[in-house]
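Visitor: In the order they appear, the protein sequences are chains A and B. Residues in the first sequence are numbered consecutively from -5, following the working numbering. Residues in the second sequence are numbered consecutively from 87, following the working numbering.
Calculated directly from the structure, the hints in this document are not laboratory data. Honestly, I wouldn't trust all of these hints.
Label pairs and their calculated CB-CB ranges [as the list claims (entries may be wrong)]:
id	chain 1	residue 1	chain 2	residue 2	range
1	A	G10	B	L174	29 to 37 angstroms
2	A	V63	B	A120	18 to 26 angstroms
3	B	G236	A	S(-2)	19 to 27 angstroms
4	B	P306	A	S(-2)	17 to 25 angstroms
5	B	L102	A	A164	19 to 27 angstroms
6	B	A283	A	V63	47 to 55 angstroms
7	A	R56	B	L102	17 to 25 angstroms
8	A	V18	B	V151	42 to 50 angstroms
Only some residues are given here: those of chain B computed to face chain A with a beta carbon under 8 angstroms [as the list claims (entries may be wrong)]:
id	residue
9	V224
10	L292
11	I328
Some chain A residues well away from chain B (every beta-carbon gap over 10 angstroms; in silico) [to be verified]:
id	residue
12	A139
13	S186
14	G211
Glycine is no exception: its CB is placed at the ideal position from the N, C-alpha and C atoms.
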Amino acid sequence: MQLSRPARIALRAAAGLGFAFIYVPLALVLVNSFNRDRSASWPPSGLTLHWWSAAWENEGARAALWVSVKAGLGATAIALVLGTLIAFAVARHRFFGRDTVSFVVVLPIALPGIVTGIALNSAFSTVLEPLGVGLGMFTVIVGHATFCIVVVFNNVVARLRRTSGTYEEAAMDLGADTFRAFVDVTFPLVRSALLAGGLLAFALSFDEIVVTTFTAGPGIETLPIWIFDNMTRPRQAPVVNVVAAVLVLLSVIPIYAAQRLSADTATSSRI
Amino acid sequence: MTSLPQAVGRSPVRRLAGTLHRRPRLRLSLLLTAPLLWLAVLYLGSLAVLFVSAFWTTNSFTSEVVKVWSTDNFHQLLTTPVYRQVILRSVGVALAVTLLCAVIAFPVAFYTARIARPERRPLLVVAILTPLWASYLVKVYAWRLILSQGGLADWALKPLGLSGPGYGLVAAIIALTYLWLPYMILPIHTALEQLPANLLDASADLGARAGRTFRSVVLPMVLPSVAAGSVFTFSLSLGDYITVQIVGGKTQLIGNVVYSNIELNLPMAAALGTVPVVVIVVYLLAMRRTGALSSL
Chain A
-5 MQLSRPARIA
5 LRAAAGLGFA
15 FIYVPLALVL
25 VNSFNRDRSA
35 SWPPSGLTLH
45 WWSAAWENEG
55 ARAALWVSVK
65 AGLGATAIAL
75 VLGTLIAFAV
85 ARHRFFGRDT
95 VSFVVVLPIA
105 LPGIVTGIAL
115 NSAFSTVLEP
125 LGVGLGMFTV
135 IVGHATFCIV
145 VVFNNVVARL
155 RRTSGTYEEA
165 AMDLGADTFR
175 AFVDVTFPLV
185 RSALLAGGLL
195 AFALSFDEIV
205 VTTFTAGPGI
215 ETLPIWIFDN
225 MTRPRQAPVV
235 NVVAAVLVLL
245 SVIPIYAAQR
255 LSADTATSSR
265 I
Chain B
87 MTSLPQAVGR
97 SPVRRLAGTL
107 HRRPRLRLSL
117 LLTAPLLWLA
127 VLYLGSLAVL
137 FVSAFWTTNS
147 FTSEVVKVWS
157 TDNFHQLLTT
167 PVYRQVILRS
177 VGVALAVTLL
187 CAVIAFPVAF
197 YTARIARPER
207 RPLLVVAILT
217 PLWASYLVKV
227 YAWRLILSQG
237 GLADWALKPL
247 GLSGPGYGLV
257 AAIIALTYLW
267 LPYMILPIHT
277 ALEQLPANLL
287 DASADLGARA
297 GRTFRSVVLP
307 MVLPSVAAGS
317 VFTFSLSLGD
327 YITVQIVGGK
337 TQLIGNVVYS
347 NIELNLPMAA
357 ALGTVPVVVI
367 VVYLLAMRRT
377 GALSSL
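Next up, chain B with everything else stripped away, as it sits in the complex (with noise of 0.2 angstroms):
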């Protein structure tokens, strides 16, 4: 209480203390202004140069920006039929990577749920949690050693007279549903394990058969969840291009255009990275109505 008589003389740093107690206006913007430089005028500034300059377009001999404001590169981008189909490639890539996610983790997540017993349960949980920390690129590096020609793959499926998938779209798909498979198992696991005991019961003793209640209880209550981990397994999908360029073989997703434009048009390569962000605002959108978000 610097303000009081006998504070008068106390040390400066205690004056600072007490000037900053009684102003909680200067307190905060003390505390972000080094944040919101960063953030807003670094980042946001540009991320918006980048989208400005999708408006922009190149001197296709000298390959300079030219500044002029165009809406060409959209225009390309839209009726292209090799960017047409890279786009709809791309998302439909994110969309079956979502699917084969959730069908792997629904048993998993049932069983670590409610099925083992639940002093192993927080060790799962861990098991679960393990493969994310392991490197990212480790990861699919692992799919090129699985899937290389004579690797483990093809000496898997010899006996039943099948070869592997080889790299391509499938060995693509196959890489990133096991990147961001634990991402969509935490949410299930944590929604089967909150889900009470007491509704299941209800279902049983109102008739229903393990089946009837699987479908009308459990997964009602268990989709929010999925969509929450949806989010993640779409996105970080639709914005990848390395684990493509690894083990797509000649696969071209939304990424590697984007890629193989920067060096020589910018703006191009600026407007086809402004679809996976508009694609991903519209999945968060679609799935902000299934109440999916708020369970993240």
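This is chain A alone, in the form it adopts within the complex (with noise of 0.2 angstroms):
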């Protein structure tokens, strides 16, 4: 389409302004961190590390920080075992209610956290309770999981589409039986959808609010449920921004690591 000058200018500057729409509350968040005042008002009066340090020895978000990682990966490991099981069960096989297997995977992140969450919450006071199980980290994982399990079947369904089951049957006709195949044939082929999808789960489980709320015990806290809880305190802000600082950095890891793993998962797979 051949765009008059004018038309180009316009459309380059309101391109402009979404990017800056975009960036500039993640560049307040990293500038504030360095805020010597305890409030947010605009120019900072100063700049200073103190906060980097104070934040360093807080033990709640050291303890958060923890939990969190503990949680990510205990959802991460379910999801991936999960997450892979049903896509080869999906992309290899065919059989009654393939289609409804593929919707019910999706439903845990497509329906409102909240929802998830209420429901999680007293299935697991009704069933756990009675057996002398609590709410705590086994019920945070298992939330958790629930609705990370898509985010790896999603990148390892995508894979197994992509190459055909010739492959495999190749290898048997070798000689190779079934495990000697996955092993030596399906598996190299997955594996970086793999890593991307547990990527992805961990990723999700580490961000998430709604249903830690709903399926932690008053003794779990995650980072994101520590973030929550002390915003609102003007004493914790500054230990907060740099929290928040460092959480903004850090996202740069996936981006990094999901352009090191092939096109396919790197560009879409965070749907």
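Fit chain to chain and form the complex, with the hints in mind.
Guide: This is the structure in structure tokens:
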């Protein structure tokens, strides 16, 4: 389409504003972590590194980070196993209800978090509590794994659809049994999809707050819950600022890793 | 081929492999048992119980759930003015966020897909994706900082004699737009990138100016992607209650009302929770007619 010069300039300007809208808030979070004041008034009266060391010493934030990492690893491990199993079933078999299975997998992230949250909460309290298992790390991991399955499933099923089953058949013709073909042929084919899916699952779990609110007992505080509880407390604001800045900086890691992994998983997998 | 005579005496692993190979149904049920137990029994089971409990009531003195079938909750939901207002406001917010996202996303996507130099485009796509990985809470917190009293918004609008909107409904709409914008940019970018150049040339050859080409060629081909993006912006906004708690001031959306009912009246919370689910399902069905879902 031959656009006139003014139209081009207008589109460039609008796109520039759009990118500014995307990045100014993130930049503000970074700058604000050096803010000397406890208030967020702009411009800051002065800059300091003091709050970074204060945040490093903060026991609550550290403990919450550790809880988040543990919950994320647990949920990712479960999601990797279950998501891969469903992906193989859906991609390599034809069976009644196949579309329903793919639909049910998506449901936990398609429905509002609060619906999933209260559903799991009342199920846990009616089924688990009589057994003596209260809400805690275990229920958080179960809740997170439920909505993490879909990202692993999406990545692996996309990979399996692009690589036909002929490689495995060739391996078997050459004498490999089912397990051998999986280890030597199938697994290497899906390895990077598993990595991408695992990374996404961990990121999703690490960032989750709604389902966590309803599945964590009183003693369990993940990093998002810690941030949410502390952001309205003026005394804690500077430490929250630093934690927020660290999370913005950390978000570069998955982007970098996703770029290193194959292109099909990198661009669209977060959706 | 464990059935052949020479295979007798092979290791049990090898025999198991053979059995699995010859019985696809067995293989399938081994693959599906664990995940289906998890998703169907644990997850769908919990959801089903929740929706059944929407038809129970609560003893208003003891807050105990009374397991007697009644449609009181839904009747209350549709007749109480407060609930009706909250539902309409939530749908309005979700639509406003979707519209804002589409308006902001279009020029950005047009730039990244057709105007920017081709070698820069992959980097620009990464630039759109990066904020998706930044924590949800941090992004809302950023808007809490920007819109705080004397914050960046007040400072930027001061020369114009204005002040920022402060915390409230507008702030909630802005923050939600910010959160879900990449979900709108990406599908539009993909659609614009795949738009065949010869269609645009043909339109120009037939005498259409840029504006006419845009209306008659570009827009109809991009609309399904806008619809696809809107599925995310709409449903994610409709279920949200955290953002509203952080920047919404006293604003109440469906999520907040569900949240405030959980402790004292779980059946009512469950009934309220069905509202966003039903609205989202209706929205999905409407969008399916545009062909949006196949391009997800």
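Visitor: Check the structure against each numbered hint from earlier and tell me which ones fail, lowest number first.
Guide: 3, 7, 10, 12
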